[in-house]
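S.K.: Sequence:
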Amino acid sequence: FFSIRINMGAKKNEKKIRKENFFQRVYNVFDKYNRALLVHCDNISAKQIHTCRKELRKNDSLMLMGKNTLIKAALVKRLSEPEKHEPDYEQRVQTWKPLPKMEPLTKLLRGNLGIIFTNQDLTEVKDIIDRHAREAPAKVGGVAQCDVWIRAGPTGLDPKQTGFFQNLQIPTKIVKTQIEISADKQIIVQGEKIGSNEAALLQKLNINPFSYKLKVAHVFDDGHVHDPAVLDIKPEHLLAAYQRVISHVAAISLEAGLPSRASAPHSLLRAFKNLVAVTVDTNTAFEASLAGLKKAAENLKNATPVAAVAGAAVVQKAVEKEEEPQEEPADDFQGAADIFAGDDDY
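Per my numbering, the very first residue in the sequence shown carries number 347; after that it's consecutive.
If you are wondering where the hints come from, they were derived from the structure by calculation, not from laboratory data.
Don't take each hint at face value.
In the DSBU-like style, the derived pairs of lysine-lysine whose C-alpha atoms are separated by at most 35 Å in a straight line are [as the list claims (entries may be wrong)]:
1) Lys-443 - Lys-485
2) Lys-506 - Lys-539
3) Lys-485 - Lys-561
4) Lys-561 - Lys-400
5) Lys-453 - Lys-393
6) Lys-472 - Lys-506
Please model the complete structure; the sequences and the hints are all you need to start from.
M.R.: Structure follows, in structure tokens:
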């Protein structure tokens with residue numbers, strides 16, 4: 347009995363030491379990183395976490411898994427200023443600095459969550475997480491992650507098992523002594539519970555329709571918390587949104603008659619088009635208009651044949667009018683003398 351008590355005391359001491367070491371490790375983590383992903387760990391295997399953690403280390407990231415109560419306690423202690431009555435006051439007061447940017451994390455640590463700390467690009471961390479997904483079968487009573495369809499084609503099952511398909515109203519036929527599905531059929535709807543017939547059929551067809559991985563719940567970036575959807579934004583999306591806003595500003599400026607940097611290029615282009623139109627109508631031209639017309643003719647080469655011919659004709663006409671020598675005006679006195687020059691008999 348005495349030896350058993352000693353063993354139990356030794357185990358408690360080991361557990362306490364392990365907890366204190368983890369607490370100290372978590373306490374020091376918050377000073378090293380500015381970004382983090384909070385991820386759901388439901389239905390995740392230990393092997394998934396191990397392989398994912400191994401790859402994250404190569405990206406200078408740290409995956410922290412443990413009891414949220416212990417992590418939250420370490421965070422609260424790190425945020426609180428050292429007080430003299432604390433046992434480790436002398437040690438903490440020498441290195442403690444305010445860290446207000448980490449305060450939002452105290453409200454997010456709820457449920458089965460893990461934290462991935464990093465100073466790298468968060469989209470790269472998410473890509474690493476997505477690569478470590480695990481296929482999973484449909485379980486009876488579980489909630490479907492997505493819609494599940496059975497596609498048309500041979501199943502490899504013998505005709506004696508047509509009952510599974512009939513219960514789910516899946517059209518089948520017998521081809522070469524095996525069951526073949528005639529048309530695609532949806533058997534599971536996303537968000538609904540999975541029935542026994544659906545799970546049994548998917549198991550017979552060796553289909554694993556679902557996958558489990560670490561799912562991002564919150565994005566923490568230097569004191570700010572964002573929705574996970576921000577990780578799906580690409581530079582192309584930002585550029586397109588910026589261009590759309592600039593076009594709206596230019597349209598408002600042009601309509602209201604208030605010049606702005608966004609509307610200035612459009613105003614200059616409109617003015618130049620008006621000048622080119624005047625030169626074509628009045629058979630006069632200037633150097634810039636001829637250059638613009640020639641460039642327009644080059645662009646029309648890739649247009650429809652009718653438009654290209656018409657555009658080329660307009661440009662050629664304007665160029666020819668510019669190159670035509672101006673006729674000298676007739677002498678006024680000669681014209682006046684000619685009034686009587688035609689009648690010699692007078």
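S.K.: Starting from Lys-472, check that the Cα of Lys-506 is at most 35 Å away, please.
M.R.: 46 Å, violated
S.K.: Does Lys-561 pair with Lys-400 here, judged by a C-alpha cut-off of 35 Å?
M.R.: 18 Å, holds
S.K.: What's the verdict on Lys-453 and Lys-393, does the C-alpha distance respect the 35 Å limit or exceed it?
M.R.: 29 Å, holds
S.K.: Does the alpha-carbon distance linking Lys-506 and Lys-539 stay inside the 35 Å limit?
M.R.: 28 Å, holds
S.K.: Would you mind confirming whether the straight-line C-alpha gap from Lys-443 to Lys-485 stays at or under 35 Å?
M.R.: 50 Å, violated
S.K.: For a C-alpha distance cap of 35 Å, please report whether Lys-485 and Lys-561 respect it.
M.R.: Holds, at about 20 Å.
Violated hints for the displayed structure, listed by number in ascending order: 1 and 6.
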